[in-house]
Amino acid sequence: MKTEPIYSEITISADDRKKITRGMIGIVAVPVMFGIFIYFIFSWVVGRTVLTGEWEMFDYMILFFMGLIISVCTYLLIRKAADLRTGVKHVYEGILEDKRKDIQKTTTSSGGAGRRSGGGTRTKATITYYLKIAGKEFAVSHSKYAQVATGDLVKLEIAPKSKLILNLQTVQKATEAQPDVDVDSLRSSIPDKVIKTNLTPQDEEVLRKIWLKKLRTKLLFIAVPLLIAFSFIVQGWWGLLLLFFPVPIIIVWNAISLLRWYLKYQSIKRDHVKEEITTTVTDKTTTSGNRTATSYLVSTQAGAFSIDKSAYDEVKSGDRIVIEKTPVLNLVLGTRVG
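With my numbering applied, the sequence shown covers 784 to 1121.
Be careful, since some hints might not be right.
[To be verified] Label pairs and their in silico Cβ distance ranges:
| id | residue 1 | residue 2 | range |
| --- | --- | --- | --- |
| 1 | 954 | 1087 | 21 to 27 Å |
| 2 | 975 | 1025 | 52 to 58 Å |
| 3 | 1049 | 1089 | 20 to 26 Å |
| 4 | 1096 | 976 | 21 to 27 Å |
| 5 | 980 | 924 | 15 to 21 Å |
| 6 | 999 | 946 | 16 to 22 Å |
| 7 | 907 | 1007 | 38 to 44 Å |
| 8 | 1025 | 946 | 26 to 32 Å |
| 9 | 794 | 980 | 20 to 26 Å |
| 10 | 1089 | 907 | 52 to 58 Å |
| 11 | 852 | 1096 | 50 to 56 Å |
| 12 | 1080 | 1013 | 35 to 41 Å |
| 13 | 926 | 821 | 30 to 36 Å |
[Said to hold, decoys possible] Quick list of in silico lysine to aspartate or glutamate cross-link-like pairs, EDC-like style, CA-CA up to 20 Å:
| id | residue 1 | residue 2 |
| --- | --- | --- |
| 14 | 884 | 920 |
| 15 | 907 | 885 |
| 16 | 1099 | 920 |
| 17 | 884 | 1107 |
| 18 | 979 | 1058 |
| 19 | 919 | 792 |
| 20 | 979 | 920 |
| 21 | 956 | 880 |
| 22 | 1092 | 880 |
| 23 | 1092 | 1054 |
| 24 | 938 | 876 |
| 25 | 938 | 988 |
| 26 | 938 | 798 |
| 27 | 992 | 1054 |
| 28 | 915 | 792 |
| 29 | 919 | 787 |
| 30 | 1092 | 988 |
| 31 | 946 | 876 |
| 32 | 863 | 787 |
| 33 | 992 | 1058 |
| 34 | 927 | 940 |
| 35 | 944 | 975 |
| 36 | 1099 | 940 |
| 37 | 915 | 881 |
| 38 | 863 | 799 |
| 39 | 884 | 1096 |
| 40 | 915 | 787 |
Quick caveat, the hints were computed from the structure, so don't treat them as lab data. Using N, Cα and C, we set each Cβ at its ideal position, and we do this for glycine too.
Working from the sequences, and respecting the hints, build out all of it.
Right, here's the structure in full:
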């Protein structure tokens, strides 16, 4: 399999032009649909046409948001028009070095100001999928993200200005590196091997660190609502404690969850046994976010496992890997290329 990445610039095809044009139509439709929606809603609620008569605060807000939407859409249109005008696309061909899923979470509050009940919060997660080729990351759709595996030789075509992915194809699967050998058949013929061994002192230290991390996390979730409940009780605000009934529920739920986890942790230490699973890597991906640490996940014939970065960087699709984990809680204690 070729390993050196290839970069080239070629003329966009008629099909590429259609994809870019469809994107431009979708961009134009956004402010149009927003304007129609505001027109009918405003007329129905207020009883007059928006931006007519004596302006109120709501009119200025609509004008601001319309201006913002039109500005963003105009910028995107200019970028796509530039791709059509230049008529060139960038092509990257090389080994898919990594796959990354980025999760950005935002929390918004609902309910009117000053309301003591009836409000709440809502968390929204935005997921962006990235493929890394030739040292560069490209944002792609979930369907394109799922169709390739780390280690595959892929060819990606992108519009340089709008960053629209025009095409993504797998030139050669990672399992086809040796054309004279049916690697898929060979790999599937090698069964996963599971053996049970005793925990080592190093394993016990890893377990202890995992437990301490779990303990700190749960205590953080318990401490805040516990402090709120304690302040209510000290002040004699039993009515508020009843009003904010989720607070004691959160405390009890997290306490029970922590206790159950601790009992399983003790059973692992008592049994003093771990499983060593020898299996084959089929894919690997990283997950990042604004509220969680980056995690490194390998998909294998035996399932998916979260491993440390050094092991993640070492393995590739098709490798035989040994996963050392606990029978209970499925905690990964170590990995090595088998």
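| task | Give me the numbers of the hints this structure contradicts, sorted from smallest to largest. | result | Hints 5, 6, 7, 8, 9, 10, 11, 17, 20, 23, 25, 32, 35, 36 not satisfied by this model.
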